[in-house]
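One-letter residues, chain by chain:
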Amino acid sequence: MINNLSLTIGWLYPALMSTYGDRGNVLALQKRCEWRGIKVEIKPIDASSTNSDLASCDLLMMGGAQDTQQEVVAEDLIKKKKTFSELIEKGIPGLYICGGFQYLGQYYQTADGHKLIQLGILNMYTENPGGERLIGNVAIDAADLFGKQTILAGFENHGGRTILGKDIQPLGKVLKGFGSNDKAGEEGAVYKNTIGTYLHGPILPKNPELADYLIGKALEIKYKEKIELVALDDLLENEARLTIVKRLGIAL
Amino acid sequence: MDIALILFAKIFSFLSKMFNLGNGSTWPGHIALSLKPSLINDILTKSQTQTIIVVGTNGKTTTTKLLETILKSNGKNVLLNSSGANLLNGIASSLLLNSSIAGKLSCDFAILELDENAFPKLIENLDPNYIVALNLFRDQLDRYGEINTIAKHWKTSMQKLSKAKLILNADDPQIAYLGKDTKLDTSYFGLNERFVETKTMPHAADSILCPNCGQALNFKGYYFSHLGIWECPDCKFRRPSNVFSSFSDYPLQGTYAKYDILAAVLTAREIGINDKQIVAALKEFKPAFGRQEEIVYKDKHVQLFLAKNPISFNQSLSTVKDLGAKTLLIILNDKIPDGLDVSWIWDVDFEQILDKNVNIIVSGLRAYDMAVRLKYAGFFVHIAQEIDEAINLSLQSLEKNEKLYILPNYSAMLTARKILTGKKIL
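Order-wise, the sequence lines are chains L and F. According to my numbering, the stretch in the first sequence is residues 10 to 261, in order. According to my numbering, the stretch in the second sequence is residues 11 to 436, in order.
In case anyone wonders, no lab produced these hints; they're calculated from the structure. All values derive from a computational prediction rather than experimental measurement. One thing to keep in mind: the hints can contain errors.
Claimed, not checked - Listed below are several chain F residues computed to face chain L (Cβ distance under 7 angstroms; list not exhaustive):
#, residue
1, Asn158
2, Ser353
3, Asp357
4, Asp359
5, Asp379
6, Ala381
7, Val382
By construction, the Cβ of each residue, glycine as well, lies at the ideal position given by its N, Cα and C atoms.
Build out the structure end to end from the sequences listed, making use of the hints.
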């Protein structure tokens, strides 16, 4: 057993990429570490950060943004692409929501047909066909990630439809709601320890299994051994998730 | 055609009230508008009534109420769109019900409170006398979309106007942008006092990029969220300098209310009412429902502070803290008027604003989401999902002479208010 565990959580573009409660994901990771005696440093990563700032992170989180903000971030992100890509390939866990998720793919095609080249780290692309956004409460089963039925619940609100390529798995099967695209019945993506999803809510506070999954992986990569996490009392978190699951009429 | 429509609306509304068919306030307008889309414009142009439009994410109802108070106490007849009916349907209904059979209004002023999407639609066919624009914050992304898009849409729609006088918030870059290069008569309000924040950007800020050129704005300081003294380092677009920024009397607490008061007073001045008359009128001011409204219930004092998005929540929290609140009841619903997505509660600064020893009760359809939010902010809370039960529980925990502060979002406020007053508003 290793004493004095610590993690550095890199919060990517907190000022620009934080539309609707993404701070909650960082807070969930931070508190769930601190309640277990794991020391946490939250490191904001933005245009003023260097590549070595980014490389010092054990766990990454990036939220979504409005279109204008997203363009500003894209300009800076391209400068950090090499380091970023190395971290993801090395298995540094990360959670990428909505706009943050779309950046990881090959391209984003806008409603008027423009192809915006993205980071190209994950084999997937996003197209916005125009028309209706996909909006509403959503629940998915992330059985593949957890090895058993695990319902994750949140709120989706996106115009883009993301299509996964080979060697990349969805995060879960859609039980109710739309998912990454309204056709395949799948939501999000998993590549190594990188997780992309359209679920807001924010996702981690009321889906504590996913928060603990990311924390566990981050510790495992950093300390090169599997570290058992102490169980926490998740009564309120589970009730918050059940509120949505019940509302969607999903039988448990 | 018009006479038939007006008769229909009046009869429909009468019947729905008589048989208590629920919300009679927007249906007549809905049906009439679908039969005659130009209806609102027709009635207003036929009448001698001056139109004042109030837009913005937060403070519309309070600003409208302030203006109504000032105008009425100065002998003007005023028409409002009824509470919460800030879509075109609601406005059409108000006009129909208050017009003569010939489709004419007899009032001097119509103050129309409009939501973010209804405003550009209304001014497609109408050149109002005054437009009061308060602020643009993130609110219900699932309904309104992103604020940059809203601001652009407003600016484009306003290009067609020729007579409207603009009353704009200079401290909000997106709102001040509405006055840039316009031929319309424009005046500004804003604050001129000590900054609350000077260095770090408050988290829930929205408008940090220049609405004119897209560069990051420089802020000398903030009053709250993205409202402050700003300038673009690139295109040099900056906060206007000639700004109405202080008044002798403020009938409501809090920084956010100050903006509403300045906006209402500046509009009243533009209309030609002098400061002495304004001050006298504001002495009679009573807050709009749920906005700092005080109610006595079961011999206890209760005050409602509508808290419907991160900005109004933060401002309400700061205000009740300054008032010495010891017991708070927070009610969170996710009905259609509230927005279905409650993610925004994570952008509320509970950690920074509240003392850890405050007694908190949470309630509403999404009580557990609020409980989780507060748990991660380091607070222990009591949970009672049913609102009536939560109110009783909260009252029981009050000390003698202690006041209960309730922070509800929109539909929660309507329910809480109905319980507290025994009356229904909508």
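Evaluation of the provided hints:
1. Asn158: 5 angstroms, holds
2. Ser353: 3 angstroms, holds
3. Asp357: Holds. Min distance 6 angstroms.
4. Asp359: Result: violated, 10 angstroms to nearest chain L Cβ.
5. Asp379: Holds - the Cβ of Asp379 of chain F comes within 7 angstroms of chain L, reaching about 5 angstroms at its closest.
6. Ala381: 5 angstroms, holds
7. Val382: Because about 5 angstroms separates Val382 of chain F from the closest Cβ in chain L, which is inside the 7 angstroms limit, the hint holds.
Taken one by one, the earlier hints fail for this structure only at number 4.
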